[in-house]
Amino acid sequence: MDLRTLTTLSGVSGNEYEVRSAIIEQLQSMGISYECDVMGNVIAKKGSRGPKVLLDAHMDEVGLVITHIEKNGFLRFARVGGIDPRVLVSKRVLVGKEKLPGVIGAKAIHLQERDERSRVIPIDQLFIDIGAESLEQAKSKVQPGDYVAFDTEYEELAPGIIKAKALDDRVGCALLFEVLKQDWQDIQLYAVFAVQEEIGLRGAKVAAFAVEPDMGIALEGTVCADIPGTDKEFQATRLGKGAAISIMDRGSIPNRAMLDQLVKIAENEAIPYQFREATSGGNDAGAIQQAKAGCPVASVSVPCRCIHTPCSIMSMSDFDAARKLVIKFLESVEGGFRP
Amino acid sequence: MDLREFLKKASLAHGVSGFEFMDIASLAKDAMEGLVDEIHVDVLGNVIGVKHGQGPQPRPKIMLAGHMDEIGLIVTKIEEGGFLRFAPVGGVDQRVLPAHEVIVYGKRPLTAVIGVKPPHLTSPEEAKNAHKMKDLFIDTGLPEEEVRNLVRVGDVVTFKRQVSELMGDRLSGKALDDRAGVAVILACLDELRKYKVDADVYAVATSQEEVSLGGAVVSAYGIQPDIGIAIDVCHGETPGVPEWRTSSVGKGPALAQGANIHPKVFAALEKAAKETGVNVQKEIAPAATGTDAWAMQVTRAGVATGLVSIPLRYMHTSVETLSMSDIEGAGRLLARFIASCDAGFVKELKTWI
Amino acid sequence: MKDLIKRLTEAFGPSGSEGPVREVIRKEVEPYVDEIRVDAMGNLICLKKGSGGGKKVILDAHMDEIGVIVTHIDDNGFLRFANIGGVSPMVALGQRVYFENGTFGVIGCEKLDDIKDLRLEKLYMDIGATSREEASKKVKVGDMAAFFQPAIDMGNRIVAKAMDDRIGCVVVIEALKRIKQSEHDIYAVFATQEEVGLRGARVAAYGINPDVGIAFDVTGTGDTPKAHTMEVSLGKGAAIKVKDSSLICHPGLRDYLVKLAEEKGIPYQMEVLQRGGTDSGAIQLTRAGVPAGVISIPSRYIHSPCEMVDLGDVEACVNLCVAACESPLDF
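Chains as they are written, first to last, in our numbering: chain A, 7 to 345; chain B, 6 to 358; chain C, 195 to 525.
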């Protein structure tokens, strides 16, 4: 399933319907068996013998939820997941199931006091304008509790360089499909399209409990700060420099044998790779590792600039590297590698 | 079932997180007697009442969780002179503490006061800032030797506060967060007598919500429910707080909506409210609800959760204020909801398209 | 016991790299236990079978220590790093550290105009390399380092790095050696990754599914100049925990330990720790819940390379542990 399709879908944490439906449709067309659990995770399975390998990518994205409708039809909202409020002003959004277009406005610069310009606009002073003229008119289209996703077009900015919203973690979902295209004989592959990663790794936690894997890998879109003003030592990853392998984050320390195996494969197969040179943030690997009596985990990511904003940027060459690396790793598990 | 009397007693009962067994647990247990078929208390002190359903096996399992613990204080050190230093258990606002009466649960309960420096001796500079908890102390009025004999590091302390019966049906007191939830569960169990129910109902007065949601974590694991409903409190309207962050006291319970809530459980609760004529409000929870529902949802391979909240003002003070009608309404709608749950509904919870 | 403390505290084992510690402990306990296994998270789980009819008891102490992890190697061969667990920049500055392969480093700081600007991101590590290539031969991004400090014997008090929580390991090992008769199946869990979130104990406890869990870990003291308000003092005995930020201990088990200490004349003190947690927090919430408690070893200067304990306290903890294992634990 291609990234253009995946990143056009809305799927704020807790409201993954659209993404899930598309994924299920794709799985059905590929003839792959799957199950949904009570939280809304989609767990696809391929292969019936060998170690259980859980590959995880999360379907959800950061976004907003409507909390209140003002008398004059403006919509108040709260953030779902980690969004810097400074990126919200002057953006286009899609509200609710019907994807009603809206904009996040702000007081015009002309109307501001001088010192306001240097202050962050607090989230409770922001609002969405859907063009409604009154509370009644707004209410006929929107209810508190409706989710709001960023409205961003998927575009190729330069050859192989993609701009889209929700690359974290539709890029992981796309990788999962790449892996599912292949036939797997000597592993039991559990491809988990997880919900609610952005609000605390919640989908992966229950999926891993159900699967009880022998090892787990999280496939992610990850932080990338190879940008002006950030010193090399704090860039975490670099665009176009290959698949990013995690060394440690807030949620987990990868299993050393798996990490070494990933590096070995990358070097032997000449797959571009880089270490994720940061320990902040966390991903589903943390939840997978802690399920039941525990399992070894690792994370392979695609660097995404401007992550958790309405428009992030990634490189298809990193995607290809991650794809190759994960497939070769799984082949090595088929060949007998054990952590 | 006199809910008002129960809640007044429950407000006075003590049960700081982790120490529910000292008082509130037995009150909750006694109140459940007669309303359920069996009662047991688990390792973390959760009081679990089971009311068997009449549906064919396997019957739906529904867990109701209202936490019985309250925030409080714990003694960390006995100072020279017999003054007690303390730390919070749960989210205690240090600004409510100065000159508050408390009860120290030593070898016997000791009434005491949280002391402060008199204004005459306080400089205008000092008065600008709130008292810091680490600088406050508890004064039992007893000689040091007696204090050392009666009190030990690790003893817990609660607010001393009588219940106020305000105008109309409003009550004010300590620990209504979340003894109100326990009252809702009792009201629901009472109401359930009117229905033919398929499901097994697990009524749980949970422990340790205020510190770790620990009671819900382990009781939900043990019960392994299909559906888990937390009954907790939400913020009632308060001057100075935007209306969209609060619900109205007396206008019915609030149903939470968001990632922590299974959409089909929400819809069924809303339907039950309509059918019982209970007015409900909506509470939007972008992510963590900070309630037992948050823990229950990710138990084992996942639990379909809902959250019913009683609007309450001045949360985590000793004058938490609510309306009895919201509690009664919540009990009625929950009973209706439970009666509507059958095996087919449980199956549907895993169907997402 | 002093020799064991020295060997264990000087072993290398930041969270996630506990291998060397695990091997020291494995050799030490082998003669005293019936089964040994290592689980998926690297926990060393040693079973000492009981005479029957007893409970499944976890005695937990964590093997890991705080440390740093290399995040970047620059063109001139300097290393940047992030913390593993609670490493304060104030403590890290000027320290010597070492890697599992024997490489040494020292921690330096960028020029600061104000000491208030001191943060971990301002620190770097110098391993004596002159270029990225030279540094990369010795160290990779993702490698971990620990403080380098030999243990100091001060007589009745010992100072070392990683006393948190090798001293807990020592207590459990000593108890395994001294337990004469127990009806309980004792699972000594030498846990991994406590410092990064009680991760080892959580899965170990799930796997074992115990009836009782007791963790042995260090706790702070309030007996140093202008210390936090805390009753615990060094040298006043085993600390029986009531509460910390990870759990409220099972009241029945807590009181049982107090009674046991009083009966056996073991010096003890009650403990409420305001900041910090330990493995029992994870053990307590395992499956449908486990009665969990903590016997703490009072320690000064926790999370520095100079963690100090009192041998009398250590002895008291061992005695209380042995007494608990030899008792019916029928609280």
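Rather than coming from a laboratory, the hints here were simulated on the basis of the structure. Because the structure is a prediction, the values reported are computed rather than measured. Cβ coordinates follow ideal geometry from the N, Cα and C atoms, glycine included. Certain hints may be false.
[Unchecked claim] Computed, partial: chain C to chain B, Cβ under 10 Å:
| # | residue |
| --- | --- |
| 1 | Pro-419 |
| 2 | His-422 |
| 3 | Leu-441 |
[What the hints assert, rightly or not] Selected chain C positions facing chain A (in silico; Cβ < 10 Å):
| # | residue |
| --- | --- |
| 4 | Gly-213 |
| 5 | Met-235 |
| 6 | Arg-274 |
| 7 | Ala-276 |
| 8 | Gly-336 |
| 9 | Phe-342 |
| 10 | Ile-346 |
| 11 | Arg-396 |
| 12 | Leu-505 |
Quick one: which hint numbers does this structure break? Sort them smallest to largest. Hints 1, 9, 10 and 12 contradicted; others consistent.
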